[in-house]
Amino acid sequence: MEDVMDRGGVDLRVRIGALHLRNPVLTASGTFGYGRELTAFVNPARLGGIVVKGISLAPRPGNPPPRVVETACGMLNAIGLENVGVERFISDKLPFLRQTGTRVIVNILGDTVEEYGRLAGRLAGVEGIDALEVNISCPNVKKGGVAFGTVPETAAAVTRAVRAAADVPVIVKLSPNVTDIAVIARAVEDAGADAVSLINTLLGMAIDSRSRKPCLANVVGGLSGPAIKPVALRMVWQVARAVAIPVIGIGGIATAEDALEFLLAGATAVQVGTANFYRPWAGEEIIDGIRDFLRQEGEPAVRNIIGQVRVDEQ
Amino acid sequence: MTEFQEKSTVTARESLAGDVFRLTVQAPRIAAAAQPGQFVMVRVGDTLDPLLRRPLSIHQVLPDGGLRLLFKVVGKGTGLLAELGPGRKIDLIGPLGRGFSLAPAGSACLIGGGMGMAPLYFLAQRLLRGKPGPGHDQVLLGARNRAELSLPAAEFSGLGYPLHLATDDGSLGHHGFVPELLDDVLPSVRQVYVCGPYPMMRMVALKCRTAGVACQVSLETHMACGLGVCLGCAVTVAAGGYKHVCKDGPVFAADEVLWKM
Chain F
1 MEDVMDRGGV DLRVRIGALH LRNPVLTASG TFGYGRELTA FVNPARLGGI
51 VVKGISLAPR PGNPPPRVVE TACGMLNAIG LENVGVERFI SDKLPFLRQT
101 GTRVIVNILG DTVEEYGRLA GRLAGVEGID ALEVNISCPN VKKGGVAFGT
151 VPETAAAVTR AVRAAADVPV IVKLSPNVTD IAVIARAVED AGADAVSLIN
201 TLLGMAIDSR SRKPCLANVV GGLSGPAIKP VALRMVWQVA RAVAIPVIGI
251 GGIATAEDAL EFLLAGATAV QVGTANFYRP WAGEEIIDGI RDFLRQEGEP
301 AVRNIIGQVR VDEQ
Chain V
1 MTEFQEKSTV TARESLAGDV FRLTVQAPRI AAAAQPGQFV MVRVGDTLDP
51 LLRRPLSIHQ VLPDGGLRLL FKVVGKGTGL LAELGPGRKI DLIGPLGRGF
101 SLAPAGSACL IGGGMGMAPL YFLAQRLLRG KPGPGHDQVL LGARNRAELS
151 LPAAEFSGLG YPLHLATDDG SLGHHGFVPE LLDDVLPSVR QVYVCGPYPM
201 MRMVALKCRT AGVACQVSLE THMACGLGVC LGCAVTVAAG GYKHVCKDGP
251 VFAADEVLWK M
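Residue numbers (our numbering), protein chains in the order written: chain F, 1 to 314; chain V, 1 to 261.
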């Protein structure tokens, strides 16, 4: 699996701590199912990895409909973390993922710090899992429903619980719905995170003026798609300067040009999300586009451009 | 199940009523695999707004690999689609979802309201396979007015089906809603297939349940992908929890659905 050179003679390999990726393009959680759904359109073996739909200890049914609505250059979703639960994930979903020939990163979520720790413990030692991504945007039921990811102390507590129980690299996925995302990033770095990924969706809302009702049954939802890219890029740039651990960029990435911007801003890898919904092959196209760019620029390796945005000194 | 992406060429565009259009496209692989009740996800160009594909049910499959899509302009996506003339390209993914189960015996009634007529024509075609004619099967169609209804009605009629029509303004057939036509025919029907606005399908489902007649409904929801990954197209089911229109449907047994009042 670890070809030294990509077929085009360009080295696309990157490392997220101990996690070695053949290229820096991953699929974002919740946009690629459990790996099997889109195989008519994309070869998972060509991707850097798949981040699977978020998993909780018990299955979750999700929110009432309507759950999605399109907005300008993006969409709002309030899926409600619908998932099959960790046991069915291991028995029904993981066997397929294992043989795709790509890295498998399992996104996990919980309502309490203990739940996160138990989930990481349940997945420890399970064959075919290359890393965990921790969704800390969930409401903390013991702290009145405030999301773990909005308070540095609770973000750190979740990170410590997962790091203590996990036997693979731990990536903490940060919420953008905070005043200073760099503060949260430093808190999870200090708590032992091997990497951070950002951003999760931006909280948003849409109203149908005719019915005078919110477009989503949940009233508010997470905004994703090209509309959020500049915000995501800014946050990746800020966090990359604030922490020493690798940063994975997420947010409206639909083309190789988008991905390159995130790499230049300091991301070691990127995740493609909403674009998978309308172009399931977007990840493969982005890999090809990054390779073409590097060849044109005479760069032998993708790692040479990470963080290389040229900011003039003031 | 096999799904394809096809960059299809538009071969014809027809304007049925002011905001109702019909596109004929060449999509031979999707056409060959399609079953009645299945849908395609449609994208026009590479725009960021609209961003997502639009789900449209397969209206007709033509012997030359053509597909017909019937739709009303309701927003930007369908607006762009309505502007496409012959020779233009559209990007299709399909055929998707679980279509109608073709009931083996007994007379069927196909009920379409508005754009809900779209999948029923393909079903009406397929029900005729290996048969000399529609037998006791019949079709009930409703629309806002004559302009919207006359061409589809003529085509169903062309297949030999007895028709019962209703329009909101009374310009063609019964002046009122299409479920009102069902009472007279229901006693002789074994299987109902319905697609249309939610209140209409709910009323048909209720009448069928009362009469003990099997009913299949084709549901419509917002969906981002149509491929089973966004989980956005949930519908509440009577057994509790949710199913997804894109993979579990769009066709469901009417009794499986928890109908909202």
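Read the hints as simulated data drawn from the structure, not as lab findings.
It cannot be assumed that every hint is accurate.
Below are the DSSO-like pairs computed for lysine-lysine, each with C-alpha atoms no more than 30 Å apart in a straight line [said to hold, decoys possible]:
no. : chain 1 : residue 1 : chain 2 : residue 2
1   : V       : 247       : F       : 213
2   : V       : 131       : F       : 213
3   : V       : 207       : V       : 7
Just the calculated beta-carbon pair ranges, DEER-fashion [as the list claims (entries may be wrong)]:
no. : chain 1 : residue 1 : chain 2 : residue 2 : range
4   : F       : 183       : V       : 15        : 51 to 61 Å
5   : F       : 203       : V       : 47        : 21 to 31 Å
6   : V       : 65        : F       : 182       : 50 to 60 Å
7   : V       : 256       : F       : 96        : 25 to 35 Å
8   : F       : 167       : V       : 255       : 13 to 23 Å
9   : F       : 209       : V       : 256       : 43 to 53 Å
Sample of chain V residues facing chain F (criterion: CB under 7 Å; computed from the structure) [unchecked claim]:
no. : residue
10  : 46
11  : 51
12  : 88
13  : 222
14  : 225
15  : 227
16  : 231
17  : 238
18  : 242
19  : 243
Here the structure is a predicted model, which is why all the values come from computation and not from measurement.
Here a beta-carbon is modelled for each residue, glycine too, at the ideal position from N, C-alpha and C.
**Message:** Please check whether residue 243/V passes as an interface residue: C-beta within 7 Å of a C-beta belonging to chain F.
**Reply:** At 11 Å from the nearest chain F Cβ, residue 243/V fails the 7 Å test, so the hint is violated.
Original post:
Can the restraint linking residue 131/V and residue 213/F be considered satisfied, given a maximum Cα separation of 30 Å?
Top reply: violated (49 Å)
Fill in: Interface restraint verdict for residue 238/V against chain F (beta-carbon cut-off 7 Å)
violated (14 Å)
### Task
Starting from the range 51 to 61 Å, see whether the pair residue 183/F and residue 15/V falls in it by beta-carbon distance.
Once the Cβ atoms are compared, 58 Å apart, the range 51 to 61 Å for residue 15/V and residue 183/F holds.
Subject >> Restraint outcome when residue 231/V is required to lie within 7 Å of chain F by C-beta distance >> reply: holds (5 Å)
Holds or violated: is there a CB of chain F closer than 7 Å to the CB of residue 222/V? Constraint on residue 222/V satisfied, holds at 5 Å.
For this session: Indicate whether the distance between the beta carbons of residue 256/V and residue 96/F respects the range 25 to 35 Å.
Result: holds (27 Å)
Would you check the hint for residue 207/V and residue 7/V, treating anything up to 30 Å between C-alpha atoms as holding?
Roughly 42 Å separates the two Cα atoms, so the pair is violated.
Check your understanding: With 7 Å as the cut and Cβ atoms as the points, is residue 88/V at the interface with chain F?
Key -> violated (18 Å)
Subject >> Supplied distance hint 50 to 60 Å, evaluated on CB atoms of residue 65/V and residue 182/F >> reply: Since the Cβ atoms of residue 65/V and residue 182/F sit about 56 Å apart, the hinted range of 50 to 60 Å holds.
**Request:** Starting from the range 43 to 53 Å, see whether the pair residue 209/F and residue 256/V falls in it by beta-carbon distance.
**Result:** violated (33 Å)
Determine whether the Cβ-Cβ distance between residue 203/F and residue 47/V falls within the hinted range of 21 to 31 Å.
Holds - the Cβ-Cβ distance for residue 203/F and residue 47/V, about 25 Å, lies within 21 to 31 Å.
Consistency note: the structure conflicts with the earlier hints numbered 2, 3, 8, 9, 10, 12, 17 and 19.
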